[in-house]
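Listed here are the chains, written in short residue letters.
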Amino acid sequence: MSRPGRYTGGEFNTRAKPGARPRVVLSYPDVYEIGVSNPALQILYSQMNDTTPAAAERAYCPWPDMADLMRASGVPLWSLETMAPVAACDLWGITLPHELCSTNVLEMLDLARVPLHAAERGEGDPIVLGGGPAAANPWPLAPFFDAFFVGEVEHRLDAIVAALASPDRPGRLAALGEVPGVWLPGRSEGPAERQVFMGFSASPPVLRPVVPVLEAVHDRAVVEVMRGCTAGCRFCQAGMWYRPVRERPVDLVVDAADRLLDETGCDEVSLLSLSSCDYSGVEAALKRIRALRPGLRVSLPSLRIDSAADSLSRFAADQRGSVTLAPEAGTQRLRDAVNKGVDETQFEEAVRATFTGGFTGLKLYFMIGLPGETDDDVRGIARMAATAARLAREIARGRARLSVSVSSYIPKPHTPYQLEPFAGAETLRHRQSLLRGLMPRGVRTSFHDVGASTVEASLARGGPGSDRLVEAAWRLGARFDGWSEWFDLRRWEEAAAACGVTLGAFDGAASWATAVDAGLTEEFLAAELARGREGVPTPDCRDGECAACGVCGSGVAMEVLG
Amino acid sequence: MSWWLVTFSRGGSARYLSHLDTARVVQRTFARAGVPVSLSQGMRPKPRISLPLPLPVGAAGLQELAVVEVPDEVRMTAEALRALRDASPPGIDVERLDAAGERHPRPQPRTAEYACVVAGDAGAMQAAVERYGNEDHAICERVSPKGKRRLDLKEYVSDITVDPVTDGARLGFTIAYRVDGAARPQEFVDLIARWAEVEPAMCGLERRRIVWDEMPPAHGAGDGRSVSS
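Those sequence lines, one after another, are chains A and B.
Using our numbering, you'd call the opening residue of the first sequence number 1 and step up by one each time.
Using our numbering, you'd call the opening residue of the second sequence number 563 and step up by one each time.
Some clues are possibly wrong.
To be verified - Here are the simulated EDC-like cross-link-like pairs (lysine to aspartate or glutamate), alpha carbons at most 16 angstroms apart as the crow flies: (1) B/Lys716 to B/Asp729; (2) B/Lys608 to A/Glu268; (3) B/Lys608 to A/Asp219; (4) B/Lys716 to B/Glu692; (5) A/Lys363 to A/Glu349; (6) A/Lys17 to A/Asp50; (7) B/Lys716 to B/Asp698; (8) B/Lys608 to A/Asp50; (9) B/Lys710 to B/Glu749.
Claimed, not checked - Covered stretches of chain A (chain B as the covering partner; in silico rule of three or more C-beta atoms under 8 angstroms from a C-beta of chain B): (10) 106-115; (11) 410-418; (12) 480-487.
If you are wondering where the hints come from, they were derived from the structure by calculation, not from laboratory data.
Even for Gly, the Cβ is constructed at its ideal location relative to N, Cα and C.
Produce the entire structure from the sequences given, and follow the hints as far as they go.
And the structure:
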């Protein structure tokens, strides 16, 4: 068995509340090293343990070698805090980070010996509650969950915990169904409204996070400085889903960074958000954190190209190593269409600033398969890579690494492109092949697996009944589909054939709207689609003009530092 | 710079940590305790922490040693020990600090005492241990990515005890560390299990005591350069 420390807990800052009720298990359906770094689970774990009577524990998806051992020895999935069976908890909250984790959810239910289908569960079984970004379309997993929570949950945790006080399972489910944002598959009469936590700005970030004792994917203290992004990229589900923008005061951010470093022992702090350079207090926060902790490494996970040259010169002292820039598309026409407000000059300036700033690596992110894309747009990616390679040679003189990551665009619900066709495996393979032949020498280029993208596309907009595909694939052995070493397209093709569906196909119905109301109006999404087709930009609403997306109102509003 | 010898135990859930993860835990514990650690030179400075004798994954260690370099101005005090104890995660217990000068040679393991339980016929295992004592050589073959290596366990493993326990026997043995390496506990257990015709599965492996060469004189001398709980 590899890395047994994944299954034993014992991390820094874990909480133990023996005997406390309700007992809640929080899960991330991937391997420990990925899941333990997830900021959302850290928020829920801290808040539930520290501010409610509930005992929150954790369980992650066992790696296949451990799963085989557990099945062979008849040991059910346990939680890391108490080593007690997950199946004996009152509520099992599973966050759904992306569609390719779907089979892992079934794997965890099976390993825990919790009946796979909610309809088969009885009084002694936990209520299984889904949430997270992929709950934006709950249909592909609907029969496996008793309930879904849609949106941000911080201000609803008390109500969820209180709902578990009912003496029987039907009562608990009924009470849960009354909590705003909860959707009960087969029971709720309408869609659940996405919840927006308007206490975000005033509340402190997580100050006592669980710090893993194994090496995790992210080994740094995290301060969430801002939630939401209104840059308005038309392909971006997160940009649409987490609206409106809410910023935390600089005082709160600096104090949290200082305390977190003591609590975690980390030597790096990350100022987290969807676009941290857009955080109004970024300069002030950086200046004060540097003054408090000289030599501390501060990372800003997202740089926008239109301001990157400026940002890189200001933050160079903190950003050692490499820089990641995301032009997304290869031509001005397509970047305008997707509302990625970046031009060639800004791109060149950002690349120049990267290498003159002494950074030794540059990674460029592009997508292929965007709506309206042509082969010429794909050739544009190679032209931009060639520009970057030339600047690397001229400025860094061979000391810099340049890599290009090309992912496949998957149309997602609640975006202007939600009803657009998926490019399809054939087109994606053709464009990958075209790009491979055009990329300049010395540039390391990586592509997303087209098969995995096709499966993701099938699930992202899957409607009622798409759960059969997930279950069939899992029964054929699919799990850890986000891992190239485990993903096997043949399993999914076989499952699709058995279910009579075509992978990647979309029936044109916005079925997710029957379960989830993201707060975005149909008019806004249609208008954005039309503006995209005409190449008309939509400015960020925090700069002035409201784009009338429909999110604000009824107590929901942008909160930007004055 | 001076260096601190940190004596700690590793048990409970922490016994499943790898060598590198254990070193990371020591580093995190110092950072959380607010005790600074010296950094290496270069582009990517690393904390100067080493664990001179790796402990196998799954094994508990009762008297493990970490060598941590700290800036000269950091004083070894009872408060520092207390802060380290408070900052350590479950399963890691910092028991003692000893200081040594920068030029003092690093401690090298001479011998380590192990104990574990092997399920099966205790009498057969007793017989296997007696056979081990009578043989001139006990050869095992170690296969690694670097190739195969033949090892005479008799050169490394001694002081063997067998005590019957429920459904098996508790094996105790001492492994000697030489310039050319050492035997692994599993290799010795494999041999005894093969001779006793039992499953070579050990549980509850513990490293109970390590005898060190080059331990600075302050260690245990109570001369003001040591702090223990």
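Against the structure, the hints come out as follows:
Our distance criterion of 16 angstroms between C-alpha atoms is broken by B/Lys716 and B/Asp729, whose separation comes to about 27 angstroms. Between B/Lys608 and A/Glu268 the CA atoms are separated by roughly 13 angstroms; this keeps the pair inside 16 angstroms, and the hint holds. Restraint check: the Cα-Cα separation between B/Lys608 and A/Asp219 comes to about 14 angstroms, which is no more than 16 angstroms; the hinted pair holds. A C-alpha spacing of about 13 angstroms is found between B/Lys716 and B/Glu692, which places the hinted pair at or below 16 angstroms, so the restraint holds.
For the hint pairing A/Lys363 with A/Glu349, the CA-to-CA distance comes to about 15 angstroms; that is within 16 angstroms, so the pair holds. With a C-alpha separation of about 10 angstroms, the suggested pair A/Lys17 and A/Asp50 falls inside the 16 angstroms cut-off, and the hint holds. With a CA separation close to 7 angstroms, the supplied pair B/Lys716 and B/Asp698 stays within the 16 angstroms bound. As the CA atoms of B/Lys608 and A/Asp50 are separated by approximately 34 angstroms, the hinted pair breaks the 16 angstroms bound.
Taking the CA atoms of B/Lys710 and B/Glu749, the gap is near 14 angstroms; set against the 16 angstroms cutoff, the hint holds. Requiring three or more residues with a Cβ within less than 8 angstroms of a Cβ of chain B, the coverage given for the stretch 106-115 of chain A is violated, as only 0 such residues are present. Evaluation of the coverage hint for the stretch 410-418 of chain A: breached, as 0 residues show C-beta separations to chain B shorter than 8 angstroms, against a requirement of three. Residues of the stretch 480-487 of chain A with a Cβ under 8 angstroms from some Cβ of chain B number 0, which does not satisfy the need for three, so the listed coverage is violated.
In this structure, the hints that do not hold are numbers 1, 8, 10, 11, 12, in rising order.
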